[in-house]
Amino acid sequence: MKAEDIRAKLEKNVPSAKIKVVRDSLLVENPADLHNVVLALKSDSDLRLDYLSSLTASDFVDYLETVYHLYSIDKRIGPVVLRVRVKRDNPKIPSLVAIYRGAEFQEREAYDTYGITYEGHPDLRRIFMWEGFEGFPMRKDYEQEDSETLDKDDIEWLDRNGVKVPDEMRQKALNPPAPAEDKPATPPAS
Amino acid sequence: MEKTVTLQDSGAIDTQTLDINIGPQHPSTHGVFRMNMKLDGETVVSLKPVMGYLHRNHEQIAENMFYLGSMPYTDRLDYFNSMTNNFVYALTVEKLAQIEVPERADYIRVIMSELTRLVNHVSVTGFLLNDLGAFFTPVLYAFRERERILDIFEEVSGARMMCNYFRFGGVKYDLSGEALVAIKDVVSRFPKFLDEYEKLLTKNEILCMRCQNVGILSPELAISASITGPMLRASGVNYDIRKVDNYSIYDRFKFRVPLGKVGDVYDRYYVRILEMRESLKILEQALKEIPAGEIMAKKMAPFVKAPRNFKPPLGESYARVEAPKGELGIYIVSDGTPQPWRYHVRAPSFINLTILEDLCVGHKVADAVVILGSVDIVLGEVDR
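Residue numbers (this note's numbering), protein chains in the order written: chain A, 1 to 190; chain B, 191 to 574.
Looking at chain A on its own, in the form it has when it is part of the complex:
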């Protein structure tokens, strides 16, 4: 079944939800509608999308996105791709754990790496990073710590303990070089 047909079906079953077709997938424009849309897809007699294969987030600089790949084990169809977009500051999306248990760890992973809060998740904690880790490493603006440059504190500590610090390193610590841009942040057109 094509994305356009599913959109027409959803328009009938969930009239309140605004849905747009993007790259052969369904964009749920208001995150609050997500629950109703997913429940309608899961209970629809033609689709019966009972299996959430993959849930992941991505960063498109202007917004963050969560992508859901749904399949039907019963009808053997899929994938039906759903996407939800939210603003970068304070991103919130309703959690799907109540509908698909399989979302539990995947939402924790997306929270850990992209910082999207899944509202209603029973145990939203970091999963790979340690407690107290700051920042969200998969976001495009995340800056990794430069392990080759010493901090001023490090140099003070070394001086105090009588370790000779080469002048070169001392200079570098006082005037840290600007971080190199690996990749121009121009997201692909949606």
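Since the hints were made in silico from the structure, they are not lab data. Be careful, since some hints might not be right.
No farther apart than 25 angstroms at their CA atoms in a straight line, the calculated lysine to any residue pairs in the SDA-like style are these [stated by the list, open to error]:
1. Lys451/B / Leu390/B
2. Lys285/B / Pro187/A
3. Lys2/A / Lys285/B
Stretch by stretch, here's where chain A covers chain B in the computed footprint (C-beta under 8 angstroms, at least three residues) [unchecked claim]:
4. 334–344
5. 412–424
6. 518–525
Here are the in silico distance ranges between beta carbons for each label pair [unchecked claim]:
7. Met351/B / Lys12/A: 48 to 54 angstroms
8. Ser366/B / Lys164/A: 56 to 62 angstroms
9. Asp24/A / Asn499/B: 48 to 54 angstroms
10. Asp24/A / Asp548/B: 33 to 39 angstroms
11. Ala98/A / Asp375/B: 29 to 35 angstroms
12. Ile396/B / Val21/A: 55 to 61 angstroms
13. Arg88/A / Asp375/B: 57 to 63 angstroms
14. Lys444/B / Lys12/A: 38 to 44 angstroms
15. Asn499/B / Arg88/A: 40 to 46 angstroms
16. Lys164/A / Gly323/B: 19 to 25 angstroms
17. Asp62/A / Pro381/B: 56 to 62 angstroms
18. Leu477/B / Asp24/A: 34 to 40 angstroms
19. Glu337/B / Ser43/A: 48 to 54 angstroms
20. Ile251/B / Val21/A: 29 to 35 angstroms
Here the structure is a predicted model, which is why all the values come from computation and not from measurement. Each residue gets a CB set at the ideal place from its N, CA and C atoms; glycine is no exception.
With chain A's structure known, arrange chain B on it following the hints.
Just chain B now, with coordinates in the frame of chain A:
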């Protein structure tokens, strides 16, 4: 001084629950995995899996790398089954860039991924027995067979475990005549080994007692929790991506999908044994039918020497394969540059851990170890 023991009205001694951690260095966790358990006596009351000790942000490394550069890195996900990891990455990029694969390459791919399934299942059943307390004898027999297959991998790809063998549009090297003979030899010997293995294990009384009715997973929970692979099929759900998606050339082979009835540890063990027999059927057919010809798509010829110039068109793709541990999927968003904008791995052993607590609660600690063994995890893939 005399000390009095106070008994509760029920007659039982007042007890407390105990918090313990199994792992991350415990050998029965199959790597650096931690189970944060609450115990009442010897019974598990709650269990929280803790992971991330092997996390290296594979996804970000791939996003800062040209496309082919991540191929060797996918080997390190599930380091037991590098061939299927390569397979799914190649399939995703081929779907993205619409590359057709020559027939011979397709056959080689299927042969390699079925051999991988043999390697995985034979070792995981061995390790499961290890967890049960049959120290190293079953694993030793399993590894003897695994070595033969790893020798073949070495012959065709140059490496035993980190094969890095698949390329977008084909495979790196052609199968030589000797390699084909070696594969045929392994395939013809393997059923005899399986018979011997089963004779020792399948009806073994201790194995039955420890595994039957332990860690039962209901089909409803399995589907809802996105469980895949032998675990899902042991619960009686007929879902094999080789049959459902017919990716590559799996529609050409006749094989059956073994299913369990109860969904306990024993079924998970036995489904894997039966799956090996089905894999052997696929291998026999593939070895009979494999045609001569090219092993690389013509479209990809310019990128063999200059892989950095490869730029798939704008768009996204999600491909999945039936890896030995379950559904392995890769999701890529391309922005038209030589590096992917977004690269995500849907790791089966990571998601299969979701229900570990549901399976273990109410069982003894020793059973929890066996249940974890039957889930079949590899930490390289869980933590990524």
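A quick look at each hint next to the structure:
1. Lys451/B / Leu390/B: This hinted pair holds, its Cα atoms lying about 22 angstroms apart.
2. Lys285/B / Pro187/A: Distance ~21 angstroms between Lys285/B and Pro187/A Cα, so the pair holds.
3. Lys2/A / Lys285/B: 18 angstroms, holds
4. 334–344: Coverage by chain A is violated for the segment 334–344 of chain B (0 residues, Cβ < 8 angstroms).
5. 412–424: Holds: 5 residues of the segment 412–424 of chain B have a Cβ under 8 angstroms from chain A.
6. 518–525: holds (count 5)
7. Met351/B / Lys12/A: 48 to 54 angstroms: Given a distance of about 53 angstroms, which is inside 48 to 54 angstroms, the answer is holds.
8. Ser366/B / Lys164/A: 56 to 62 angstroms: The hinted range 56 to 62 angstroms holds for Ser366/B and Lys164/A, with Cβ atoms some 59 angstroms apart.
9. Asp24/A / Asn499/B: 48 to 54 angstroms: 28 angstroms, violated
10. Asp24/A / Asp548/B: 33 to 39 angstroms: 35 angstroms, holds
11. Ala98/A / Asp375/B: 29 to 35 angstroms: 53 angstroms, violated
12. Ile396/B / Val21/A: 55 to 61 angstroms: Holds: the Cβ-Cβ distance is about 58 angstroms, inside 55 to 61 angstroms.
13. Arg88/A / Asp375/B: 57 to 63 angstroms: 58 angstroms, holds
14. Lys444/B / Lys12/A: 38 to 44 angstroms: Given about 42 angstroms between the Cβ atoms, the range holds.
15. Asn499/B / Arg88/A: 40 to 46 angstroms: 33 angstroms, violated
16. Lys164/A / Gly323/B: 19 to 25 angstroms: The hinted range 19 to 25 angstroms is violated for Lys164/A and Gly323/B, with Cβ atoms some 57 angstroms apart.
17. Asp62/A / Pro381/B: 56 to 62 angstroms: 58 angstroms, holds
18. Leu477/B / Asp24/A: 34 to 40 angstroms: 38 angstroms, holds
19. Glu337/B / Ser43/A: 48 to 54 angstroms: 51 angstroms, holds
20. Ile251/B / Val21/A: 29 to 35 angstroms: The hinted range 29 to 35 angstroms holds for Ile251/B and Val21/A, with Cβ atoms some 33 angstroms apart.
Of the numbered hints listed earlier, those contradicted by the structure are 4, 9, 11, 15, 16.
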